[in-house]
Amino acid sequence: MRSIRISRFAQAGAVLGVAAVAAACGGNSNGGGSSSSGSATIPSGVSVSSFDNTFSEMSKFTSLTSAGRGLVGVILPDTTSSTRYVDFDAPYLTKAFQTAGYSSSDFKIDNAQGSDATELSDAQSDITLGASVLVFDPLDSTVGSQIQQYAASHGVAVVSYDRATFTGSNTYYVSFNNMQVGKLIGQGFQQCVSSWNISSPHVFELDGGEDTDPNAVSFAQGYNSVIWGTTNTPLSAGMTNSSGYTLVGDQITPGWVNAQGQTIFQQQYTAHPDINATVEANDGLANAVVTDLKNAGVGPKKVPTTGQDATLQGMENILNGYQCGSVYKPIYLEAQDAVAVATILRAGLTPPSALVNSTTTPPHGVSGNPQPASLLTPTWVTAQNMNDTVIKDQFVSATTLCNAVGASVCSAAGISG
Amino acid sequence: MADVKDAGLVEVQPEPAAVAAEVPPAIAAQTLGQYLRAWSVRIRSGDSGVLPVVLGLVIISVVFELISPRNAFFLPENLVNLFQQSAVFMVLAMAEIFVLLLGEIDLSLGYVGACGAVVTVQLVQGVTTNWPWWGAIIVGLLFCAVFGALQGTIISRLHVPSFVVTLAGFLIANGLMLILLLLGPFSGYITLVSSQPNANVLRNLMFGNIDPTISWIVLAIVVALLGGWFLYRDLNRRRSGLVVPPFSLVVIRILLMAGVGVAVVAICDVDRSHSLLIHVVGVPAVIPIVLGVLVVWTVLLQRTRFGRYVYAVGGNAEAARRAGVSLPRIRTLCFMLCSMTGGIGMILYASYLGGMSNNVNGGQLVLFAVAAAVIGGTSLFGGRGKAMHGVLGGLVIGGIYNGMGLIGLQVQAEFIVTGFVLIAAVSIDALSRRAASAGSAARV
Amino acid sequence: MSDASLAAATPAAAPVQPLLEVRDVDKHFGPVQALYKVNLRLTPGHVTALCGDNGAGKSVLTKCIAGIHQPDGGAIVWQGNTVHIRSPRDASRLGIETVYQDLALADNLDIVQNMFLGRERLRMGGLLDEDSMERAAAETLAGLRVTTVRSIRQPVASLSGGQRQSVAVAKAVMWNSKLVIMDEPTAALGVVQTRMVLDLVRRLRDRGLAVMVISHNLNDVFEVADDIAILYLGRMVAQDSASKFDRQSVVQYMTTGGQLRVTDGGPASKTAN
Chain C
1 MRSIRISRFA QAGAVLGVAA VAAACGGNSN GGGSSSSGSA TIPSGVSVSS
51 FDNTFSEMSK FTSLTSAGRG LVGVILPDTT SSTRYVDFDA PYLTKAFQTA
101 GYSSSDFKID NAQGSDATEL SDAQSDITLG ASVLVFDPLD STVGSQIQQY
151 AASHGVAVVS YDRATFTGSN TYYVSFNNMQ VGKLIGQGFQ QCVSSWNISS
201 PHVFELDGGE DTDPNAVSFA QGYNSVIWGT TNTPLSAGMT NSSGYTLVGD
251 QITPGWVNAQ GQTIFQQQYT AHPDINATVE ANDGLANAVV TDLKNAGVGP
301 KKVPTTGQDA TLQGMENILN GYQCGSVYKP IYLEAQDAVA VATILRAGLT
351 PPSALVNSTT TPPHGVSGNP QPASLLTPTW VTAQNMNDTV IKDQFVSATT
401 LCNAVGASVC SAAGISG
Chain R
1001 MADVKDAGLV EVQPEPAAVA AEVPPAIAAQ TLGQYLRAWS VRIRSGDSGV
1051 LPVVLGLVII SVVFELISPR NAFFLPENLV NLFQQSAVFM VLAMAEIFVL
1101 LLGEIDLSLG YVGACGAVVT VQLVQGVTTN WPWWGAIIVG LLFCAVFGAL
1151 QGTIISRLHV PSFVVTLAGF LIANGLMLIL LLLGPFSGYI TLVSSQPNAN
1201 VLRNLMFGNI DPTISWIVLA IVVALLGGWF LYRDLNRRRS GLVVPPFSLV
1251 VIRILLMAGV GVAVVAICDV DRSHSLLIHV VGVPAVIPIV LGVLVVWTVL
1301 LQRTRFGRYV YAVGGNAEAA RRAGVSLPRI RTLCFMLCSM TGGIGMILYA
1351 SYLGGMSNNV NGGQLVLFAV AAAVIGGTSL FGGRGKAMHG VLGGLVIGGI
1401 YNGMGLIGLQ VQAEFIVTGF VLIAAVSIDA LSRRAASAGS AARV
Chain L
2001 MSDASLAAAT PAAAPVQPLL EVRDVDKHFG PVQALYKVNL RLTPGHVTAL
2051 CGDNGAGKSV LTKCIAGIHQ PDGGAIVWQG NTVHIRSPRD ASRLGIETVY
2101 QDLALADNLD IVQNMFLGRE RLRMGGLLDE DSMERAAAET LAGLRVTTVR
2151 SIRQPVASLS GGQRQSVAVA KAVMWNSKLV IMDEPTAALG VVQTRMVLDL
2201 VRRLRDRGLA VMVISHNLND VFEVADDIAI LYLGRMVAQD SASKFDRQSV
2251 VQYMTTGGQL RVTDGGPASK TAN
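Line order of the protein sequences matches chains C, R and L.
Reading the first sequence from the start, the letters are residues 1 to 417 in the working numbering.
Reading the second sequence from the start, the letters are residues 1001 to 1444 in the working numbering.
Reading the third sequence from the start, the letters are residues 2001 to 2273 in the working numbering.
Extracted from the complex, chain C is given alone in its bound form (with noise of 0.2 Å):
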């Protein structure tokens, strides 16, 4: 890192006479780049499986981290979507950057809070305190690509991190495996609807906001896949499966609004009340038609309900019995993987292929390229093994989820709150 500058007398001269607009010529910095050591090594076996809650994987970075140059720059898009970034992405980056040798100098995170326009100011000044890599999860595919162009323009790698961008030609994408997400929910169904003794399931989907997110398209092709034996997404009425399932309807919730998905069901209960199996593409849908049973005086375990996120809600509805499950994403793995990505990135080498194991190719309508992609693994979360994932990550507080559920149904999932 370079830093040419002329006199602090003459900044002040300068400022003193034009504002804002002064300064002294000169100042170019070089923020790391392709000057690595040599020395220095990828961990050897390091892989998309390699993490772990106990961040033990990220100790084996720190010669990486202390071989590579510049600051690492985090942008979060919000605090209001989800309370995921504040809650859990900012402080699981920082104990990954802090376990990998990073100094507080060496990273900085930031959260757009919802605007795009300070999501790329945010970038710009990263960038400007010498940034070589940033780690950013857009808030639209219309930010995404404008950061993607202005870091590459300036010679920066990119990580995009939870949501894919696919401008550029290596803007590595961390997040879990969507179309594992879907095929988990699938799996997580079947066994559901046997456990709960659903004799000949008339099922209904009820799937994500697939107008506008490419990342609903690819949770319904896991389901999909899994249970109908096809990728297709919407499916039409009348499919049957070889176990004898058969299916009523399959309707997305623009989106993802959870009202809309609740009526939708209602109609559809209304006029098929020979439902009795549905699909969910998460908690919040599932909690829409988990709502809409209850009205109808369904009781638990009669008609099964699928979700992800492993929120509060979702929680509950298993443990009531209503929700057969959620698949739970945990994100100190993303957490650790990002910041792995990156410290390779930083180091001036190439991520080796266990970790970025895939690609991720724009959806329908979506222009840009293929992007390397490292993509994890999730854990579908039932009842039996809530305690030992979204509990034990304190990803749900139990206090909260026993208080809302009762000591005894806590108590019997294993639960102490």
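By construction, these hints were calculated from the structure, which means they are not laboratory data.
There could be a bad hint or two in this list.
Chain C stretches covered by chain R per the calculated footprint, using a threshold of three residues with CB under 8 Å from any CB of chain R [said to hold, decoys possible]: (1) 113–119; (2) 145–154.
Among chain C residues calculated to face chain R with C-beta under 8 Å, some are [what the hints assert, rightly or not]: (3) 108; (4) 122; (5) 124; (6) 125; (7) 127; (8) 129; (9) 130; (10) 139; (11) 141.
Built from N, CA and C at the ideal position, the CB exists for glycine as well.
Fit chains R and L to the known structure of chain C by using the hints.
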């Protein structure tokens, strides 16, 4: 008037200090020394012009330079970022000044401008309409102008407060923006980052860099032309015995202009890239664009009949009406120009973002536009303000955001600081008004 | 009312054609009759004071002349021809300018800008011709000997009350006007400022303009007026040379519409009833 000084004076009274204070120093002084004295009298009486905002800028820059990591604030690349980040505030503030001068407000500005920007960004998309960039900009701005003219017509013909009409316009434009975003196969997120030449032109409004050699040549020509014109005008007025500022002041102003120009081009010619393989140099296109808007709107407001009427309506609508000025016409035109300039600002915003999305906070942008105008020295009460105030105020708000981004403060803190700066600016506005009215009351 | 009523002090020589005559003008607003067959003569080179109590109809009459109201009956005769003044613009075109009590100045504009408001001069390309306007404004002010302002480029907000009045008057006479109507020109002014304005009124008269001053202040009226016209409840109860009145008689006309005690040297005629 010197020749009639002795021809039977009506009544020569000693000048009360309050009266002296309100005379622009440039016209009350013959020498630079007198100018500085008149200037200091004026500042002490509360009418401080652009001094607070310039002072504020200096304080903000120095503080952030001292506390930011790497002392990054004055790094050339950060100053370029600062200008890019402030450009939208500057143009939106210049837009808002049209209606603030009338004593009105336009709350719809952000979303109306955003609608225009979405129209523009949609039209250049290669897979759909594939319009040339200039046609798309014209249609986008036209959309804004029509929207603004409709609001202005309702405000001026039906005498509905602008606050209410533009609040309705805010909601309507917000809805329209979402509808316009969802047109075409883009799922609501339309990008300019593509290989389409027309999309690239739009994206380069903000990030395109002008070759250093060309920048220097253009700068030299502009400074020579403007400086020559200022000198010519001044000498001409001096010859005809008209009111002129001290000659040294004219020279200082020209030198200052040249100095700012040289500083800007020099700063922009430092390589902003972080890689040895890539070079990012040159004046970003947004700088001449914003300067162009500034010059055109300054000429319109200061040198045309329309501009004069805008000030007259803002200063005393009844006097303007009696002088034959059509108030509805001026008001409608101002709202139209406000929205259209908002369109320019939001097209720059789209260029900055590399597209448009629903994550545009039009409400916050309006508040920042009003805040920038007021911080720059424009009065909320009408009649006082210049396009230049928008540029200075926009730089203050951009500076706060830029600096806080460097030190890693979150948006919460940025809101709070901006709020305090706004309160300071409005207080200065109110205080100078009070000082002025106390002065005239004392003279009656 | 005759030519003999001209005051001795008037510099212009008699006989003088009236510039403007108001003949039997009626004006009502719904059932309220504001003016009854009012007659008034304004002569070049004369200052006419229009007096009357509140509600006597002074401002209605003024607005009829200035084109803001249209009379319901009667006629307005300008230089011998009957005219219909339908707007302030019509009045300006004839050469009638009114300086209202609020002066109608924009505080944020400078003196030149105010004087040319609504009638700006343009150069080629549609831009304002500031130099030419500044020169013309300076000439007008110098002609009226308004020289106390520091600079004609200072905003009107920085002027004293008398200076503002002077600017408003200069603005009115700038356009080759022949009749200047001034509504309570001294109402808000101190002694020195009042003197300044009254001097200005005399100077307008000396330039051969007809001036009508509406005033409550009898000191000012007697100091500056050549003729006095008195309205009482919408009727013109007296108009004559100022020398034919004294303070007491004016007050009586204003408060009772006539003289209780007829004195020698009282008004020769009542113009309306």
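Right, here's what the structure says about each hint:
no.	hint	verdict
1	113–119	holds (count 6)
2	145–154	holds (count 7)
3	108	holds (5 Å)
4	122	holds (6 Å)
5	124	holds (4 Å)
6	125	holds (4 Å)
7	127	holds (6 Å)
8	129	holds (6 Å)
9	130	holds (6 Å)
10	139	holds (5 Å)
11	141	holds (4 Å)
Hint compliance for this structure: no hint is broken.
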